[in-house]
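Protein chains in written order, with the working numbering: chain W, 1 to 303; chain Y, 1 to 243.
Since the hints were derived computationally from the structure, they do not count as laboratory data. Careful, some of the hints might be misleading.
[Stated by the list, open to error] With a straight-line cut-off of 27 Å between C-alpha atoms, the simulated DSSO-like cross-links for lysine-lysine are:
no.: 1; chain 1: Y; residue 1: K219; chain 2: W; residue 2: K80
no.: 2; chain 1: Y; residue 1: K164; chain 2: W; residue 2: K206
no.: 3; chain 1: Y; residue 1: K188; chain 2: W; residue 2: K203
no.: 4; chain 1: Y; residue 1: K219; chain 2: W; residue 2: K206
no.: 5; chain 1: Y; residue 1: K68; chain 2: W; residue 2: K90
no.: 6; chain 1: W; residue 1: K203; chain 2: Y; residue 2: K2
[What the hints assert, rightly or not] Interface residues of chain Y toward chain W, partial, derived using beta-carbon atoms under 10 Å:
no.: 7; residue: K68
no.: 8; residue: G79
no.: 9; residue: L82
no.: 10; residue: D83
no.: 11; residue: C218
no.: 12; residue: I221
Just so you know, these numbers come straight off a predicted model, no measurement behind them. Ideal Cβ positions, reconstructed from N, Cα and C, are used throughout, including at glycine.
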Amino acid sequence: MGRLSVNLCGIEIDNPIIPASGTFGFGYEFAELYDINILGTFSFKGTTKDPRFGNPTPRIAECTAGMINAVGLQNPGVDKVIAEELPKLKKCFHKPVMANVSGFAIEDYAYTCEKLDKEEQVGWLEVNVSCPNVHGGGMSFGTSPEAAAEVVKAVKAVTTKPVIVKLSPNVTDIVAIAKACEVAGADGISLINTLLGMRIDLKTKKPVIANKMGGFSGPAIFPVAVRMVYQVAHAVNIPVVGMGGVSTAEDVIEMMLAGATAVEIGAANLVDPYACEKIIRDLPAAMDRYGITNLKDIIGGIQ
Amino acid sequence: MKQTIFTITENVPLTATVYKMMLAGDTDGIATGQFVNILLDGLYLRRPISVCDCQGDTLTLVYKVVGKGTAQMAAMTAGQTLDVLTGLGNGYDLSKAGDKPLLLGGGVGVPPLYMLARQLREQGKAVSVVLGFNTKDEVFYEQEFKALGCDVTVTTADGSHGVKGFVTDALPADYSYFYTCGPEPMLKAVYRATVTSGQFSFEERMGCGFGACMGCSCKVITGYKRICKDGPVLEKGEILWDA
Numbered sequence: 001m002g003r004l005s006v007n008l009c010g011i012e013i014d015n016p017i018i019p020a021s022g023t024f025g026f027g028y029e030f031a032e033l034y035d036i037n038i039l040g041t042f043s044f045k046g047t048t049k050d051p052r053f054g055n056p057t058p059r060i061a062e063c064t065a066g067m068i069n070a071v072g073l074q075n076p077g078v079d080k081v082i083a084e085e086l087p088k089l090k091k092c093f094h095k096p097v098m099a100n101v102s103g104f105a106i107e108d109y110a111y112t113c114e115k116l117d118k119e120e121q122v123g124w125l126e127v128n129v130s131c132p133n134v135h136g137g138g139m140s141f142g143t144s145p146e147a148a149a150e151v152v153k154a155v156k157a158v159t160t161k162p163v164i165v166k167l168s169p170n171v172t173d174i175v176a177i178a179k180a181c182e183v184a185g186a187d188g189i190s191l192i193n194t195l196l197g198m199r200i201d202l203k204t205k206k207p208v209i210a211n212k213m214g215g216f217s218g219p220a221i222f223p224v225a226v227r228m229v230y231q232v233a234h235a236v237n238i239p240v241v242g243m244g245g246v247s248t249a250e251d252v253i254e255m256m257l258a259g260a261t262a263v264e265i266g267a268a269n270l271v272d273p274y275a276c277e278k279i280i281r282d283l284p285a286a287m288d289r290y291g292i293t294n295l296k297d298i299i300g301g302i303q
Numbered sequence: 001m002k003q004t005i006f007t008i009t010e011n012v013p014l015t016a017t018v019y020k021m022m023l024a025g026d027t028d029g030i031a032t033g034q035f036v037n038i039l040l041d042g043l044y045l046r047r048p049i050s051v052c053d054c055q056g057d058t059l060t061l062v063y064k065v066v067g068k069g070t071a072q073m074a075a076m077t078a079g080q081t082l083d084v085l086t087g088l089g090n091g092y093d094l095s096k097a098g099d100k101p102l103l104l105g106g107g108v109g110v111p112p113l114y115m116l117a118r119q120l121r122e123q124g125k126a127v128s129v130v131l132g133f134n135t136k137d138e139v140f141y142e143q144e145f146k147a148l149g150c151d152v153t154v155t156t157a158d159g160s161h162g163v164k165g166f167v168t169d170a171l172p173a174d175y176s177y178f179y180t181c182g183p184e185p186m187l188k189a190v191y192r193a194t195v196t197s198g199q200f201s202f203e204e205r206m207g208c209g210f211g212a213c214m215g216c217s218c219k220v221i222t223g224y225k226r227i228c229k230d231g232p233v234l235e236k237g238e239i240l241w242d243a
């Protein structure tokens, strides 16, 4: 295994670089630009039980050092993902892929995960608990330890693949939620999802985004992400995948020092489609600069 | 899609708010009706700008200053460089033009029609062009289209230049097919007023500009399309308004 390799929930990956869900589609757009097999893996577009068109446009707003999106989980639904997207992906990506799953009821998560569990290409299930629970008054599953744990239990019951729970930062105590997920059987935690944000157009005096609010991401949120990764990684005994504004090889090292076993790259892919390729290329030299021999040795290495 | 560093060779105002920027660099793969996505200092997301023309190693962009990104572009001078993603989007399909294609442009929707007009003229087509603006001071590229040998009509909403009214008030009696780009109310009017099939170029706020983020999706008759990747040009027959 090389200097960059890490073990993520029992699966050895060549490097810790993972394009984040929603910024990498099902990989094809990027496969036209570079060989996406250089990635550790990638987390595919958030998939739900039923097809979703998502929110009205505009769905995107510019921010200082970042952006807001309110795409609304547009995806073709799990059946079409399995029937159409995964076979297409097989032609350009030969590693286990991370399947990102969302739901609006506990049963939705279980349904979608059970189907994806049968797919050989899927290495990990990344369960996004930031969606509103339509049977629970619309509160996101990820805002309460109990609701998040319920999702984890339901998913763990239908899969043997490692389950990584993707947490929202829009909560009072992310550590309590992470711990509840660990107790419920989660194999890993990924964080942070986007921060709830909003912009207003001064000319029209209306929100820039049709959905009014959306998820804020990009370099601006990196310090918040490092802090939360640090807090969670030091409170749980399962691997943590760090994300939130990571844009450079140095950011990756910082995230790993905070406690991340692997690192997801999100918004950076949208601005520079070669972002992940560049980060992987830059990592060895960045490691040399900081006296790091193997990346796996620095996980949680903050002094 | 390709990432290229272009050098600005010229950047001049055409009206109070519309500028023409000429850039030199690798233009390989740029097609009619496509757009480019430009990285600008201090701004996070790239700015999508339609391709006005592309010949040899020269890329021409005609853009309107509407916000911070385009204001920054307007302040740039020859010799400065820009990081540009090129070859983006599904452009105009020239093969459907017929002998007498009609091009309908409104405001800053005019530029993407220029390269199309040039190529249709090179194919020997009799090209009619109707360009719509609000007022005389906003008119640009009238002479450029005339120089290509197009039959050009200009409309202004206030009647200060050319035909008073909108592009749909100056449609020629006979045309084989149409291509259009402009603000959405104009596109809707064109949709209703035209009697042949045609192609529409749309605008939307984008995240990536190359199909990855689903930030600019719209509903069409067959499902959905991404304006940046499956568009910006859509066929008349697939459009669903108010999507």
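Checklist entry - Measuring from the C-beta of G79 (chain Y) to each C-beta in chain W, is the shortest one below 10 Å? => result This hint is violated: G79 (chain Y) lies away from chain W, its Cβ roughly 24 Å from the closest one there, beyond 10 Å.
Checklist entry - Has the given pair, K219 (chain Y) with K206 (chain W), been kept, meaning a C-alpha gap of at most 27 Å? => result holds, 23 Å
Checklist entry - Would the stated hint for K68 (chain Y) survive a check requiring a Cβ distance to chain W of less than 10 Å? => result holds, 8 Å
Next on the checklist: The hint names C218 (chain Y) as touching chain W; please verify it with the least Cβ-Cβ distance against 10 Å.
Outcome noted: Holds - the Cβ of C218 (chain Y) comes within 10 Å of chain W, reaching about 7 Å at its closest.
Item to check | K68 (chain Y) paired with K90 (chain W) [C-alpha distance capped at 27 Å] | outcome: violated, 42 Å
Item to check | I221 (chain Y) as chain W interface residue, shortest Cβ-Cβ below 10 Å | outcome: The hint is violated - I221 (chain Y) has no Cβ within 10 Å of chain W, the shortest such distance being about 14 Å.
Next on the checklist: Can you verify the interface hint for L82 (chain Y): is its Cβ closer than 10 Å to any Cβ in chain W?
Outcome noted: violated, 14 Å
Checklist entry - Does D83 (chain Y) pass the interface check with chain W, least Cβ-Cβ distance below 10 Å? => result holds, 9 Å
Item to check | Agreement of K164 (chain Y) and K206 (chain W) with the hint, judged by alpha carbon distance not exceeding 27 Å | outcome: violated, 32 Å
Checklist entry - Is K203 (chain W) within 27 Å of K2 (chain Y), Cα to Cα? => result Violated, at roughly 34 Å.
Next on the checklist: With the threshold set at 27 Å, check whether the alpha-carbon distance from K188 (chain Y) to K203 (chain W) stays at or below it.
Outcome noted: holds, 24 Å
Checklist entry - Is the Cα-Cα distance between K219 (chain Y) and K80 (chain W) 27 Å or less? => result holds, 18 Å
Of the hints listed earlier, those the structure fails to meet are numbers 2, 5, 6, 8, 9, 12, in rising order.
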